[in-house]
Amino acid sequence: MAALLQTALELGLISSLTVLALYLSYTMLNVCDLSTDGAFTMGAAVGAVVAISGHPYLSIIAAICAGVLSGFVVAFLQTKMGIDSLLAGIIVNTAAYSINIAIMGNSSLLNMNSVETVFSKFKGFLGGTALASYSKLIVIVLFVAIVCILLAFFLRTRLGLAIRATGDNPDMVKSSSINTVVITIVGLCISNSFTALSGCLLAQYNKSANIDIGTGMLTVALASLLIGRMFFKKRGTGFGVIGAVLGAVLFRVVYTLALRLNMPASMLKLVSSVIVIIAIAGPYFAGKMKEKTMKRIAVSKPSETEGKNA
Amino acid sequence: MLKIDHISKVFNKGTVNEKQALYDINLNVNKGDFISIIGSNGAGKSTLLNAISGVFTVDEGSIVLDGTDITDMAEHKRSTVIGRLFQDPMKGSAPSMSIEDNLYLASGNNGWFAKITAKDKKEFRERLALLNMGLEDRMKNPVGLLSGGQRQALTLLMATYHIPKLLLLDEHTAALDPATAEKVLEITRKVVSENNITCLMITHNMQSALELGNRTIMMNDGRIIYDVSGEERTHTTVTDLLNLFKEKAGESLTNDRMLLS
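Sequences listed follow chains X and B, in order.
Going by our numbering, the first sequence opens with residue 1, and the numbers climb by one from there.
Going by our numbering, the second sequence opens with residue 1001, and the numbers climb by one from there.
25 angstroms max Cα-Cα, derived DSS-like pairs, lysine-lysine:
1. Lys234/X to Lys1121/B
2. Lys1077/B to Lys80/X
3. Lys234/X to Lys1140/B
4. Lys1121/B to Lys1190/B
5. Lys1165/B to Lys1003/B
Hints in this document: simulated from the structure, not taken from any laboratory.
No experiment lies behind these values; they were computed from the predicted model shown.
Okay, chain B solo, but in the shape it has when bound (with noise of 0.2 angstroms):
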């Protein structure tokens, strides 16, 4: 499905600040595969996911994405088969535009002068009704109005609003209250698996990391030095995990908010 062959990534090189960001990943995700991904601050894993979704290109290496090479693909035309969440809920959806422009927008329905029809607006009252918020009834609403989680909310709908090849989402819920966070989740574990969709996920969460998906990644300093599926993993255990960053990275697993429960 994704298939990730040697990539490197040095950011200012040559420079004071020269940073090797990513050292040679290799990773091969198989479709429907719920990848979880943990590690430090600094450890790569947002990089890796900027990588893939053309924020920037990388050095070496290629990316293929269900048969196609998208390495120098723009960052637009990948997003046709990539959805994305940031960590920040401000980041995806306009504040100054109603529920509805936005939703009009990222569904890309109608051409280029046509405005929002009936058919579109009772399309999207019915998605919006299935997260379950309220939304459904404020699509005049400025999207600035939401709170946080319901503006990441809006834009999980909108990255899968036509499903996408790929899901990434960069620890998505870390800037939420912990009982939305824990109804983002839930509507993202909703969507995921109801559409069958190849999703990877970085989290600070440790319990989730290993609760969601069916297969966890480590990174630390720009490379991938743990990665468990299947039997082995559902035989993990946080401390396990710690214990096993320690002992590969020679140093603890230490990021700003990481929950271990």
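Chain X with its partners taken away, still in its complex shape (with noise of 0.2 angstroms):
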């Protein structure tokens, strides 16, 4: 069970990343980006090719790239070529299909099982000691450390500040002399950084980079993205940082617990559109039970707000 847990936390914390890419892009810059599948993709396949030519460490860089890319040509269809946003993210991730493949070599799979990985290199490094069993859990809390820290901390800079307000209100963004269009595109560019990113750890994690790995991760991180915002409602961007984190593991532990409780592991992507329809639709009949109520309230107590007005 121990084992189990570990392995949900390991898996929990790499999705974390993507969850973090669209705390950047659907939360902060209220873009939907629907090229998270594609991006993640493109993460695993770049990180994956890299990775079997000889350059682990190389491979995380080049990953990251492939993410800062992919983010640009989304945000640039959808600010430059009058390309609605959802449309643009649609049209990317159908094109990174093609791309994917043809980066893995024309194959739909690549093995990593006798390959040199961020993984395999730090097991080395630990060696013997009494850490070697939590090698790969160390690592992927060192990479979501850092840029959980580059996050909390670029949101509160002059550049993430303009991010945050161009989702809030891009016409007092343009008032304050910031090209909104610019914004756009290095938000993107930053939060598929991080969804590439995600990619190509689960590919070194799994030690294999499948076509179909990012399939439905769109839906799984705003599930997690959306369990996460209620740990700390209305609380600053740090807090959101952190909650976005704590959405992703919780969603992986809970995940497998249900897998124990015999679940099929096919249902994973049904669950976590579930969870993103009760998480979006529960707030809205929320706020409409709220409006009835206190109609109802109008309406019983009439004499009140008579007596009031006269």
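Quick one: dock chain against chain with the hints and give me the complex.
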């Protein structure tokens, strides 16, 4: 059971990088970036190809660059080419499939069983020490911690504030002499670099990259993001970042427990879809209910309001 | 200072909804002018300010601000020298961000990768204190929690953080209750006169159109139909304005929010 939970924690932390990407693009920049699946797979593919060629450290940087490029294309299509932002994401996602196959050398599966990855490198570094069995977890925690610290700091810089304001009120950003097009492009480049890093780490963790590795990632990450949002309502962005990571881990742990209770693994995507539906529709209906009760109160106490008016 | 030369704008050209919003407008604004703009609904007042601030580019004519031709300049570039306030108090600030974060963006202080410093905070605090609304003690509060009047005052502070060459006010007090509107107007008057800002203000309040500033223009159907300043303006009354409008436009001045006194 402990080993199972450790695996859940590791997988949850890896996907938390994608959740952080959505925290930046969906929550902060207010752009629904549907290219997440494609960028995730691209990170996995590029990372795997570079690692197989014998450069495990370089593979991380290469995957991040691939994510930046993918994010740039999505942002460019929606800000400069007049393509609706949802459509831009779908188009890039579709195009990424062919590109990812090409990156993987016209194959849909890359095996990394005997390849040096960041995980195997670190395991070798720890050698026979007591921490050896936690080597994967340590690597992942390091990556997530670095991304969290950078992101939390970034959101408080002028550029980060400009990204938040662009999602909040683009008119205000324009009147502060800031180009919202540039801000959107920068925001999506950064967010997709997190997504690709996430994909790269998962492929190296699994020791294989396949073309379907990112399928449904957007919904899973969105579900995690919305779960994470419940932890720190109305708190600052620092807490938002922590909430996103917590959401991702919690989602994965609950999913693992459900698997233990004999839920078929193929249910993952259905479950995450349902969570997203509940998380978005729930507050919507709660708002409607509140409105109704307010009306009912207003109707049932007409004499009181009349008395006040008189 | 601002030279508007024969500008025209047609919206939805070639469709049934075609509308000539601006018709061959000429306007010469001198440095330090405070011009009030009045007119009926749909007269083109807001469209004129939109043309100057670059929300759209005009079909014909040119706009020159302080020797620079800004006719085809992008909106965010113009906003380095043009400050703007809208009728809607929600439009000028980002609601989920704090007062200091909003001011930090408007100030343009420091580099893109720099956080707010203690020096910035001190500067914001001093400027907020000038508004006399107690906002200097609420700098960490999200702007969404402020009242309409407070938000509009904050927007004014942001728009004039670096003294703009031109300030455009689009009925910026119309959505506020009378007492708050008066207060925001007072702050406006103070900021504009202390910094000698050139200003164009659309107003629905006939009295303040004549009281504020040094020049009043009247618009109807995409044209400037009356332009009064100096000696003549000091003798003009609200009744004169209404009669003049009727005479020039051939119909009474109608504006949803018009205040006569």
